[in-house]
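Here is what each chain is made of, one letter per residue.
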Amino acid sequence: MEAEAAKLIGAGLAMTGMIGAGIGVGNIFGSFLTGALRNPSAAGSQIGNLFVGAALAEALGILSFVLGILLYSA
Amino acid sequence: MADPLHQFQIKKLVDLPDVTLPVLGHQDLAFTNSHLAMTVAFGMVVLFLTLVTSGAKIVPGRTQAAGETLFGMIDGLVDSIIGHDGRKLFPFVFTVFTFILAMNFLGLFLSFTATSQIAVTATFGVLTILLVLAIGFAQHGLKFFTLFVPSGVPWPVLPFVVIIEFVSFLLRPVTLTLRLFGNMMGGHVALKVFAGFVVIAVGGAIGWLGVPVMILSLGMTVGLTALEFLVAFLQAFVFAVLTTIYLNDVVNLGHGH
Chain A
1 MEAEAAKLIG AGLAMTGMIG AGIGVGNIFG SFLTGALRNP SAAGSQIGNL
51 FVGAALAEAL GILSFVLGIL LYSA
Chain B
1 MADPLHQFQI KKLVDLPDVT LPVLGHQDLA FTNSHLAMTV AFGMVVLFLT
51 LVTSGAKIVP GRTQAAGETL FGMIDGLVDS IIGHDGRKLF PFVFTVFTFI
101 LAMNFLGLFL SFTATSQIAV TATFGVLTIL LVLAIGFAQH GLKFFTLFVP
151 SGVPWPVLPF VVIIEFVSFL LRPVTLTLRL FGNMMGGHVA LKVFAGFVVI
201 AVGGAIGWLG VPVMILSLGM TVGLTALEFL VAFLQAFVFA VLTTIYLNDV
251 VNLGHGH
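Heads up: the protein sequence lines correspond to chains A and B, in order.
When we follow the numbering used here, the leftmost residue of the first sequence carries the number 1, and every step to the right adds one.
When we follow the numbering used here, the leftmost residue of the second sequence carries the number 1, and every step to the right adds one.
Since the hints were derived computationally from the structure, they do not count as laboratory data.
Every residue gets a Cβ at the ideal spot worked out from N, C-alpha and C, and that includes glycine.
It is possible that some hints are incorrect.
[Claimed, not checked] Here's a subset of chain A near chain B, in silico, CB distances under 7 Å, partners left out: (1) Phe32; (2) Gly48; (3) Val52.
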């Protein structure tokens, strides 16, 4: 296999790390909605925690995205 | 057609004479498009906040209410996370928040996003962690290191927990940097890719099949642009929230949680 082709395939494979981030972020928002519909009065105070959790889960997916970009443009 | 990564290139608008500095060595100075975007963003923030506070009234008008909402949001955030001591740190968080928000929003109007440059976001990340270290050492001295020793952990696992806490502390500026950079860059690449599909379809490269592709891609571009406005705000807000949480760790070290 040519090195150029292997590099592009590698960049594409690195993007599969985003799957985990997608599951994680979906899980957080899904769980938040479940909790918020059960107790709507407490939901407002947890918005901050919601976004922090989503941001932390998303950061790991972003790491794989950055890795993919690095491989693509290396 | 230019490739999707072309939009992130730094271009020199005005080339300044090169300088040689003692430690940094030979440096290429220029007024670039990144510099221009940041200057415009800075001007926008100052102009907006001056405008909303110039004719301040007891009962706010429309523009004043917008400014007060922005101010009140960060004020409430800092107050709820840090508490009484947060009042001193509010200016830093508010400055970072408004500046990042302005740069993110300008990226959707101009052809260049300053926050899609890792050098810009890394500066914010390093600035935040340096402030955390400065406050930690100034307020607590060497007791700052108790940050890495959580209370209530059984002693056999304590060394491992300390190592994990220490590494996660070191990774904070890195994730802070890469999250903002990745989100802004990823969003703009996705926008450009879908816009590129429209150009290809209009060019007639795939014949009559291009008509539905054209319509779907244009719809997707419009939808993604709307989503990008949400992301631009959310990322600035998330940066402010995480900055506040990291500052809270050292301001209220050893009590509160």
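Quick rundown of the hints versus the structure:
1. Phe32: 15 Å, violated
2. Gly48: 6 Å, holds
3. Val52: Since the shortest Cβ distance to chain B is 6 Å, the answer is holds.
In summary, the one numbered hint that this structure violates is 1.
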